[in-house]
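Chains D and E, in that order, give the protein sequences.
Here the first sequence stands for residues 0 to 483, where the numbers follow numbering that gives the first Met the number 0.
Here the second sequence stands for residues 0 to 461, where the numbers follow numbering that gives the first Met the number 0.
Mixed in with the good hints there might be a few duds.
As the list claims (entries may be wrong) - The calculated label-pair distances, taken between Cβ atoms and stated as ranges, are:
1) D/R58 to E/H326: 39 to 45 Å
2) E/A60 to D/R456: 46 to 52 Å
3) D/F77 to E/D386: 46 to 52 Å
4) D/K71 to E/T381: 27 to 33 Å
5) D/D34 to E/H16: 57 to 63 Å
Stated by the list, open to error - Listed below are the simulated DSSO-like cross-link pairs for lysine-lysine, each with C-alpha atoms no more than 27 Å apart in a straight line:
6) D/K168 to D/K43
7) D/K348 to E/K347
8) E/K375 to D/K76
Please keep in mind that the hints were generated in silico from the structure rather than gathered at the bench.
By construction, the Cβ of each residue, glycine as well, lies at the ideal position given by its N, Cα and C atoms.
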Amino acid sequence: MSTINTIQDLTNREYKWGFVTSVEEDKLPKGLNEDIIRLISAKKGEPEFMLDWRLKAYRHWDSLEKSHADPKWANVKFGPIDYQNIVYYSAPKKKPSLKSLEEIDPEVLRTYDRLGIPLVEQQRLAGVAVDAVFDSVSVATTFKEKLAEAGVIFCSFSEAVQNHPELVKKYLGSVVPYTDNFFASLNSAVFSDGSFVYVPKGVRCPMELSTYFRINAAETGQFERTLIIAEEGAYVSYLEGCTAPIRDEHQLHAAVVELVALENATIKYSTVQNWYPGDKEGRGGIYNFVTKRGKCAGPNSKISWTQVETGSAITWKYPSCILLGDNSVGEFYSVALTNNYQQADTGTKMIHIGKNTTSTVVSKGISAGHGQNTYRGMVKIQKGARGARNYTQCDSLLIGDKCGAHTFPYIEVQNSSARMEHEASTSKIGEDQIFYLRQRGLSAEEAVSMIINGFCRQVFRELPMEFAVEAQKLLSISLEGSVG
Amino acid sequence: MATAATERLRNYLEAFHTHGANEAGRPAWLRGLCERGFARFCEVGFPTTRQEDWRFTNVNAIAQTPFQLARDARLSGAIYGDTLEACRIPGAACQLVFVNGRFAPELSDLSGLPPGVRVGSLAQAIAQDGGLEAHLGRYVNIERDSFCALNTAFIDDGAYVYLPRRTVLEAPICFLFISIPGDDPEMTNPRTLIVAEDATEASIVEDYVSLGSGVFFSNAVTELVAGEDAVISHYLIEREDRQAFNVSTLRTQQARSANVSSHSVLLGGGLVRNNVHPVLGGEGGECLINGLFIGNGSQHMDNYMLVEHASPHCSSRQFYNGILDGHSHGVFHGRIIVHKDAQKTDAKQTNRNLLLSDDAQIDTKPQLEIYADDVKCTHGATIGQVDEHALFYMRSRGIEEASARGLLLLAFANECLERMKCRPVRDYLQDLVQGWLPGTSTPAGADAVRAGEAARRWEEVG
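Work the whole structure out from these sequences, hints included.
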């Protein structure tokens, strides 16, 4: 009995990033139409090609919306979203262009301090450069100069549009076209900011890059877009984190991430997603509908996705790899946790096109409370992908008798030289495992946390060190009170 | 497009009217059942690949063909002599022969049955027995599957088995469904009902073969009800002509501690869909789903498994092996659903596939859907080739490559055959499968040859 109680206590801890920052906001009116898009584009002073692209995306999205073609196949339930009742652009009021940190609204700076992401460079862990995105805009990017020395461009998307339009024009939409899916179209039309990374030929990015996303304003949606390009032989490791305040209504977050890895390049993309998950009765929380995709365009390139998904009321995301170049490698490591009334439908797509391409998928799902956790993944080995290889493992852990864990893998093989393995298991934390650990002097809580950490270790060890520690802590907090 | 669809439905409407007129003397409940089935079928029509359950199988070829109800082709026994002999499983308790979906008593052998056991034609059973109402059509879900709705609309004949309490039958009960394609595309909707009372034991074989070549559509539905402690195994052999369409559905309902196994061996047919849907409705039930599919040419073989754990303490095992050569396309869709109260469920699912040619394709979709927490569920799927090391080992010991390859394939197929408990059926299938494996002593096109022979015999006599 005591085990169950401890476990329940453990899941009931509060969301501690739920505070609101009061800053003056520069908001556009609610709703979405071509004028709003023109306004967003004008506010950002974008060149003509961006506006055209946004409008094309909007028209496509509008036709989808009119024909009610929003995706319904995912194993998640939510009421209809009123897309006209969302603010598509909100930014803290600021002076025309920020030259240094001193010019940022001190309230915003304080927010990041409270979140544990100080933007003052001296205080940061030496090895990480941060781009901080607050509602619809990027407020600061640290270590820019140091990175520029190495030739790495790391800036907000708006700056990239201004300063490197040729790169943006070349790669924007090259991996996730604006027609890709309902939410990607919406994002393409209204995206406000995000991060842009360009690592030139042969450069190994000298530090970890990171973006911290914060939703603050009420009734807004966050639509950011990240584009990472690694030229021949380049290497970059990128991490994103996210939080939002506690609010009773749902907020929409529809992001798009595009990665392009050219010959011999490696991109490592890690996410620790901790959007506000809603309260214990399932009120409020973020709808996290994200399209992430990487293209291994050149031979021997590699893209590795690692994600720890603990927040959001609903998570709908499938970081994918298109393995186009010969010998390219795709990896996907994921821990997804659903507690209370959270729902997650997440997984990956590995599309093998080039010869001798390999992919690894390791997915760990943990469901507690009334949480519903779904792994949905596709491994497709096309005819030309001779010698392709895939290994997939997806395990689920059930905590409590009201939650659900589901696995929907799709495996499509059109090539006789391909080898692929898939295995999955679902089980609960064994009484005997807890008993064993308690017998050795661990409290029930420690025992549970140890078992869960063991369960997720394969994924955590893929995370950059500092974040691995954070992720472990996050997991134990998100799980408080749910192991049985 | 819409007019074409209506046109095709009219085809079925006419068939439904002739079917209804012939069966005017049937009980009201059955007429109601057929009408419900037909109404549902008209409502939804044939599935498309946009539907999740049919994602990898396009049934357009069936939807586009104007099928007529199969004509009565029961002729004297002499014509079938050799074919029948070849399809007879030595040691069977009885063999019922159905020609184009109709029971042919003169070709059947019912002599070896113990008293009390009823094995016969469903049409006769309906005419004699009101007791069928309690079971027929009660288990198959016509809402979910329009092929089941179509079959239900055209319930006519098929096999009926009733095993009274404590019956133990060691020898298998065999049903042979012979399709004889005519000049125009024809369809049959054989319906089988198996009611096994408490503590019974039996093996039942459904065998589908073609006589001659041509477009033919068999849309079979079998309902199997297993009482408490019953041990029932069901075998499906599909070896029709390459132009044949075959959609078969096995729906089993298991009571407490019942043990049901379903074994499928798919060898023939052009477009084959094999649905197996057991519901573990009583505590302590066990269920084994075992299958082998060997595709070649342009065959399409779709295996759709849906295992529902509706009670606690049940266990289920699924094993499917596929061997695909030529341009064949294999599909495995395995889904385990564990309902909320089905605690202590133990479910396993394994799908292994060998791809022998670059043009062959396999799509596999093993799924777990779990709403209870105290469960042990796993699934696994692999796709690969014949192990080069094993081949090398055998060649280094003087076995030529072709035979070595054949041996490995045979061993792979045997994994499935060895799970079959009923000795006579297993022995029969081992011989049969060997002939269908690519690269074994009998050429890969054995079915075509055999079908050709059968056709010739048919001409000689007729």
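Query raised in the report: Is 46 to 52 Å a correct range for the gap between the Cβ atoms of D/F77 and E/D386?
Result: holds, 48 Å
Report task. Measure nothing beyond the straight line between the CA atoms of D/K168 and D/K43; if it is 27 Å or shorter, mark the hint as holding. Result -> holds, 16 Å
Report task. Decide if the proposed pair is consistent with the structure: E/K375 and D/K76, CA atoms, cutoff 27 Å inclusive. Result -> holds, 26 Å
Query - Cβ separation of E/A60 and D/R456, checked against the hinted range 46 to 52 Å - result: holds, 50 Å
Query raised in the report: Within 27 Å, alpha carbon to alpha carbon, are D/K348 and E/K347?
Result: The hint holds at about 24 Å.
Query raised in the report: Quick one: are D/D34 and E/H16 within 57 to 63 Å, going by C-beta?
Result: holds, 60 Å
Report task. Starting from the range 39 to 45 Å, see whether the pair D/R58 and E/H326 falls in it by beta-carbon distance. Result -> Taking Cβ atoms as reference, D/R58 and E/H326 lie about 41 Å apart, which means the hint holds.
**Report entry** Satisfaction of the hinted span 27 to 33 Å by the C-beta atoms belonging to D/K71 and E/T381
**Finding:** At 32 Å between Cβs, range holds.
Against the hints set out earlier in the document, no violation occurs for any number.
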